[in-house]
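Trainee: Build the full structure now, drawing on both the sequences and the hints.
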Amino acid sequence: MADYKLRRSLLYVPGNMPSMLQNIPIFNCDSVIIDLEDAVPLSEKDAARHLVKRFLMQYTDRNKELLVRINPLDTRWGYEDLKVVLPAMPDGIRLPKADTPEIVERLDTLLTEFEEELEVEIGRFGILPSLESALGVINAVGIARSSQRIFALAFGAEDYTASMEIERSRGGEELFNARTRVLWAAKANGIQALDTIFADVGDMEGLRAETELAKRLGYTGKCLVNPRQIEVVHEVFAPKQHEVDYALQVIEAIKRARQLGTGVISLGGKMVDAPVVKRAARVLRTAYAHGMVDTLIDEEAIHGAQ
Amino acid sequence: MKIMKKVQAGTLQSSDLMVFLEPAETLTVTIESTVLKQFGDLIRAKVDEVLAKHGVEAGEVRITDRGALDYAIEARLETALMRAEG
Chain E
0 MADYKLRRSL
10 LYVPGNMPSM
20 LQNIPIFNCD
30 SVIIDLEDAV
40 PLSEKDAARH
50 LVKRFLMQYT
60 DRNKELLVRI
70 NPLDTRWGYE
80 DLKVVLPAMP
90 DGIRLPKADT
100 PEIVERLDTL
110 LTEFEEELEV
120 EIGRFGILPS
130 LESALGVINA
140 VGIARSSQRI
150 FALAFGAEDY
160 TASMEIERSR
170 GGEELFNART
180 RVLWAAKANG
190 IQALDTIFAD
200 VGDMEGLRAE
210 TELAKRLGYT
220 GKCLVNPRQI
230 EVVHEVFAPK
240 QHEVDYALQV
250 IEAIKRARQL
260 GTGVISLGGK
270 MVDAPVVKRA
280 ARVLRTAYAH
290 GMVDTLIDEE
300 AIHGAQ
Chain X
0 MKIMKKVQAG
10 TLQSSDLMVF
20 LEPAETLTVT
30 IESTVLKQFG
40 DLIRAKVDEV
50 LAKHGVEAGE
60 VRITDRGALD
70 YAIEARLETA
80 LMRAEG
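Protein sequence lines, in the order shown, are assigned to chains E and X.
Counted from 1, the first sequence has number 305 at position 306 by numbering that gives the first Met the number 0; the numbering is strictly sequential.
Counted from 1, the second sequence has number 61 at position 62 by numbering that gives the first Met the number 0; the numbering is strictly sequential.
Simulated from the structure, these hints should not be mistaken for lab results.
Remember, predicted model here, so these are calculated numbers, not experimental data.
Even for Gly, the Cβ is constructed at its ideal location relative to N, Cα and C.
Be careful, since some hints might not be right.
Sample of chain E residues lacking proximity to chain X, with all beta carbon distances greater than 10 Å (derived) [stated by the list, open to error]:
#1 17
#2 45
#3 52
#4 295
Derived lysine-lysine pairs resembling DSS-like cross-links, with alpha carbons at most 27 Å apart [to be verified]:
#5 X/36 <-> E/82
#6 E/186 <-> X/45
#7 X/4 <-> E/82
#8 E/186 <-> E/239
#9 X/1 <-> E/82
Label pairs and their in silico Cβ distance ranges [said to hold, decoys possible]:
#10 E/215 <-> X/31: 19 to 27 Å
#11 X/13 <-> E/56: 19 to 27 Å
#12 X/41 <-> E/60: 50 to 58 Å
Mentor: See the structure below:
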């Protein structure tokens, strides 16, 4: 996965609201998830998918990643959503209730069939599986490996807590194990992990605290329900200047160490060795994606010459 | 295609429109819009284009527009036509 695409903020936009769809070009989030599932009443599923299709077809000057959350494939709408929306070329599909690897494999097969029909490159459409039930969380490892199209795993706490028959709290203690398991599955497969939505749009401090927790655990992005949440999430995920400065010092230090024929050196009284360098490299890649450093760190700087 | 039954599609939210279709012997199109003065002709042209594309030759078509852009007019009218068929 040499993909450093920033996905800090993935904003849900209801699929049946022209006033929101039309604003997609001006939202400054990294990705949008146009929703055909929960935000659309059952009586309007047909209307929403055609509206989304027409919107995407005229939105040719694209400036962010466009994902579409379809209805689950075991409903009568899921397949029809794909059929109508894929010709308008979204970047990927967010698959709700991705409880098992088999469900994701089924979507993968369908996408391949549509790609053949549309005569586009196989693998053109990505998959973002939503792990949002006890079963989905248990199966996270298998799901992460179930398709080459998967660029990230998304944790969905609203449905997860419903499946667990528990309430979601402000502190989120009840989500800890599930969040961690989704992260392990993602990291073990070299893909991104994206955290769940924070539903209280008025509570910016709560959003900040939850995003900081997700970042500390290892998540690299968060799904959002309102454009007002974008700024806070970007602030949290941006590397701090002192982190970037320190990471640059670490890389310089390890270069000096290698010149001395060693793989370990002291920097300001702290030991710098391979894992420290790896973490610094990660900070610098994120900083590069944020435009905070000019060059992308190369492999030799991280691992040394062979 | 033929308009077989009375249907509607869309909403009355801003930037959206409602489309009402009813079976009729001849084709009539009525447009009501918050921006009729400025954009009435363009809305009418878009509606005519979509009706022609679907080969609609008869029916009562009523549009209540709330400042929708072309893509929304096309999508709502298409949805209404599909609903009127089935």
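Trainee: Against each hint, give a clear statement of whether it holds in the structure.
Mentor: Status of each hint after checking the structure:
1. A cut-off of 10 Å between C-beta atoms contradicts the statement that residue 17 of chain E is not in contact with chain X; the least separation is 4 Å.
2. With a least beta-carbon separation of about 6 Å from chain X, residue 45 of chain E fails to lie farther than 10 Å from that chain, contradicting its non-interface assignment.
3. The claim that residue 52 of chain E is not at the interface with chain X is violated, since a C-beta of that chain comes within 10 Å of its own (minimum 7 Å).
4. No beta-carbon of chain X comes within 10 Å of the beta-carbon of residue 295 of chain E; the shortest separation is about 38 Å.
5. For a cut-off of 27 Å, the pair hint linking residue 36 of chain X to residue 82 of chain E is broken: about 38 Å separates their Cα positions.
6. Restraint check: the Cα-Cα separation between residue 186 of chain E and residue 45 of chain X comes to about 50 Å, which exceeds 27 Å; the hinted pair is violated.
7. Our distance criterion of 27 Å between C-alpha atoms is met by residue 4 of chain X and residue 82 of chain E, whose separation comes to about 25 Å.
8. Of the supplied pair hints, the one linking residue 186 of chain E and residue 239 of chain E holds, its CA atoms being roughly 23 Å apart against a limit of 27 Å.
9. For the hint linking residue 1 of chain X to residue 82 of chain E, the alpha-carbon distance of about 24 Å falls within 27 Å, and the restraint holds.
10. Taken as a hint, the range 19 to 27 Å is violated for the pair residue 215 of chain E and residue 31 of chain X, whose Cβ atoms sit roughly 55 Å apart.
11. Our hint of 19 to 27 Å for residue 13 of chain X and residue 56 of chain E holds, since their Cβ atoms are close to 22 Å apart.
12. Roughly 21 Å separates the CB atoms of residue 41 of chain X and residue 60 of chain E, a value that falls outside the hinted 50 to 58 Å.
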